[in-house]
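K.L.:
Below are the chains, spelled out letter by letter.
Number of protein chains: 2
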Amino acid sequence: MTFSLTVLGSNAAIPANNRNLSAHLLNANERLFLIDCGEGTQHQLRKYHVSIGKIRHVLISHLHGDHFFGLIGLLNSMHLLGRREVLHLYAPARLQEIIDIQLDASLTRLNFQIVFQPLCFEGLQLLFENERLQVHSFPLLHSVPACGFIFREINPPRNVPLARSYAYCSDTGYCEQIIPYITEVGLLYHEATFMQDLASAAADKLHSTAMEAAAIALKARARKLLVGHFSARYEDVEPLVAEARTIFPETYPAEEGSVINIF
Amino acid sequence: MTFSLTVLGSNAAIPANNRNLSAHLLNANERLFLIDCGEGTQHQLRKYHVSIGKIRHVLISHLHGDHFFGLIGLLNSMHLLGRREVLHLYAPARLQEIIDIQLDASLTRLNFQIVFQPLCFEGLQLLFENERLQVHSFPLLHSVPACGFIFREINPPRNVPLARSYAYCSDTGYCEQIIPYITEVGLLYHEATFMQDLASAAADKLHSTAMEAAAIALKARARKLLVGHFSARYEDVEPLVAEARTIFPETYPAEEGSVINIF
Chain A
1 MTFSLTVLGS NAAIPANNRN LSAHLLNANE RLFLIDCGEG TQHQLRKYHV SIGKIRHVLI
61 SHLHGDHFFG LIGLLNSMHL LGRREVLHLY APARLQEIID IQLDASLTRL NFQIVFQPLC
121 FEGLQLLFEN ERLQVHSFPL LHSVPACGFI FREINPPRNV PLARSYAYCS DTGYCEQIIP
181 YITEVGLLYH EATFMQDLAS AAADKLHSTA MEAAAIALKA RARKLLVGHF SARYEDVEPL
241 VAEARTIFPE TYPAEEGSVI NIF
Chain B
1 MTFSLTVLGS NAAIPANNRN LSAHLLNANE RLFLIDCGEG TQHQLRKYHV SIGKIRHVLI
61 SHLHGDHFFG LIGLLNSMHL LGRREVLHLY APARLQEIID IQLDASLTRL NFQIVFQPLC
121 FEGLQLLFEN ERLQVHSFPL LHSVPACGFI FREINPPRNV PLARSYAYCS DTGYCEQIIP
181 YITEVGLLYH EATFMQDLAS AAADKLHSTA MEAAAIALKA RARKLLVGHF SARYEDVEPL
241 VAEARTIFPE TYPAEEGSVI NIF
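Those protein sequence lines, which keep their order, are chains A and B. Be aware that the first sequence starts at 1, since it is given in this note's numbering, and climbs by one per residue. Be aware that the second sequence starts at 1, since it is given in this note's numbering, and climbs by one per residue.
No lab work stands behind these hints, which were simulated from the structure alone.
Below, in silico cross-link-like pairs of lysine to any residue (SDA-like), each with a Cα-Cα straight-line distance of 20 Å or less:
#1 A:K54 to A:L110
#2 A:K47 to A:L81
#3 A:K205 to B:A105
#4 A:K205 to B:H79
#5 B:K47 to A:E256
#6 B:K47 to A:N17
#7 B:K47 to A:Y234
#8 B:K47 to A:R46
#9 B:K205 to A:T108
#10 B:K54 to B:N130
#11 A:K47 to B:R233
#12 A:K54 to A:R84
#13 B:K54 to B:N27
#14 A:K54 to A:R31
#15 B:K54 to B:Q113
#16 B:K47 to A:G257
#17 B:K224 to B:E238
#18 B:K224 to B:I179
#19 B:K47 to A:N18
#20 A:K205 to B:T108
#21 B:K47 to A:E235
#22 A:K47 to B:N18
#23 A:K205 to B:L80
All chains should be modelled from the sequences, with the hints used to inform the complete structure.
P.N.:
Structure follows, in structure tokens:
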């Protein structure tokens, strides 16, 4: 039973250093969840041979452009490629209006239905549930309302010893309040925009350093930490990873195109 | 004195066949005009080493997504990179609202001014003029209001025998009404979405075939024809070019990254 993550983008704010903007694809038993959708995400999906028609759920963490400007193009392409299946979209309420005005301006009436579920930004919110999986959102600490997402297998298959889980936490300042939501997660993705020498800038902008991401992973007893949302100032991100590993050795960089099997 | 065009995208509707969506960059004596801005245009500008800070004018032909979904990301990046200079934007009026709602949702107040000039879709409209150059828009024949653009040098420098000129015509069905606006243009870019066997589909969708583009070039006495906005169905576009050349031998495909010096 597949439970794997494909990283599609790892840069913060602007595309740079051959890194694209935030987007992750979770394959949970062949049910595909796209998490954030920066500009160029549809190009990345094509590059890594993901059929956009197979995406059933899209989750948008917050309305900073580097996390959602690629969505309208993706929806438009799904439409042009003849999609008929419902798409489930979980996002801040205002995204509905942003989509509608752009479809209206181009006289486009999508030939598929979007079921829009607005995020709330207080406590745990159930977004999706079936007999195998639960998906919840929870609030992050950012300059606009932002949610993290936690995917947990329930009733895991016999050949998997533990229920597998994945948490996506971007964008956020250092925030211990998220720990109860992500305790013992198998794979934690946590933003790590800056190195520790810019901890003060990170705090001001409500972003995190790699070491802060590692501290959250340690306190949450995560098994593995993936860091990303790197500032464009870092051409090489190995130093960020190295800093994080001083606190949490099982830290890895979000490398675009890599597929991570979650255990 | 530079008068050159860089092709940034050449595919219609969706990115495919390693071709990006519509965007051209005209350098007229170091004044940079970006013409259309499909999703991923900022990535293309970066790839071809164009500093986005140097773009002074953006022209959007119409509000189909493949021609403008990249604009909001480009504006956001200009802002994040500290732009202070005014940007001149010529586009269908509704684009203002589309930009504003997205900036508002992300609590972004641009640190530069956009001077927005709405396009009108009747006759020739002067968009920009200085002592060296005039830029006009004129109506095309499409399913939503759409404009072509014509750039003509005035008072050409001594070492240039003729006033140089460039016309951008996308998207449009076959439309002889545009000929007076583009007569004797040096370089005509005309969309060529389909091959001739799909002429009827082209007419239905208000797009052109490569041969129709060539017919316009011939009747307008253009010196050179550049075709693009290729349907994703054509992996190889040489057959389209070959068809066009039966009517207008000086036809070339819009190849991404190529820089064309206009004479």
